[in-house]
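Fit chain B to the given chain A structure using the hints.
Protein chains: 2
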Amino acid sequence: MPGEFHGQRSLHEFSVDMTCEACANTVTHILNKLGGVQFDIDLPNKKVCITSEHSVDTLLETLGKTGKAVSYLGPK
Amino acid sequence: MPGEFHGQRSLHEFSVDMTCEACANTVTHILNKLGGVQFDIDLPNKKVCITSEHSVDTLLETLGKTGKAVSYLGPK
Numbered sequence: 001m002p003g004e005f006h007g008q009r010s011l012h013e014f015s016v017d018m019t020c021e022a023c024a025n026t027v028t029h030i031l032n033k034l035g036g037v038q039f040d041i042d043l044p045n046k047k048v049c050i051t052s053e054h055s056v057d058t059l060l061e062t063l064g065k066t067g068k069a070v071s072y073l074g075p076k
Numbered sequence: 001m002p003g004e005f006h007g008q009r010s011l012h013e014f015s016v017d018m019t020c021e022a023c024a025n026t027v028t029h030i031l032n033k034l035g036g037v038q039f040d041i042d043l044p045n046k047k048v049c050i051t052s053e054h055s056v057d058t059l060l061e062t063l064g065k066t067g068k069a070v071s072y073l074g075p076k
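Heads up: the sequence lines are chains A and B, in that order.
Here the first sequence is numbered in full-length UniProt numbering, starting from 1 and rising by one per residue.
Here the second sequence is numbered in full-length UniProt numbering, starting from 1 and rising by one per residue.
Chain A with its partners taken away, still in its complex shape (with noise of 0.2 Å):
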């Protein structure tokens, strides 16, 4: 059942300013050297979800590494 987590797994959701598909690779990339992550990019709209147990400041720094300009959305 999807957003049915045991501990403390939670999905939250990201605006991050990418523009291309290369964009979109450098933050597979650097979310994937997080590790812990399961992830969905959805480019047109510029948005990433990420389901793990990194706490929300984790992941902002995380995204931050990409330069672009980055906020959080909220829990889904």
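Calculated from the structure, these hints are not laboratory results.
Incorrect hints may have been included.
Note: identical chains are not told apart, hence a pair may lie in one copy or across any two.
Unchecked claim - Below, simulated DSSO-like cross-link-like pairs (lysine-lysine); rule was C-alpha separation at most 30 Å, straight line:
#	residue 1	residue 2
1	33	47
2	46	33
3	46	76
Coordinates of chain B only, in the frame set by chain A:
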């Protein structure tokens, strides 16, 4: 005089697979975070010229954090 530096500063040319302005911004962000570098980004030609005391390996590793295809073209 361009190309004349004291110490171990060298000018290196890298190929970085950037496709848009935001890709170039990511490269700028990551190089600035490394520090100790001066650089020019040539987006149309997907090239980055870096003057620094860092080793080529360090620069390759840093550029690799973008998740983009990166290769060393040589000294300039």
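Comparing the hints with the structure gives:
1. 33 <-> 47: both (19 Å within a copy, 25 Å between copies)
2. 46 <-> 33: both (20 Å within a copy, 24 Å between copies)
3. 46 <-> 76: The answer is within: 16 Å in one copy meets 30 Å, while 38 Å across copies does not.
The structure is consistent with each of the numbered hints, conforming to all of them.
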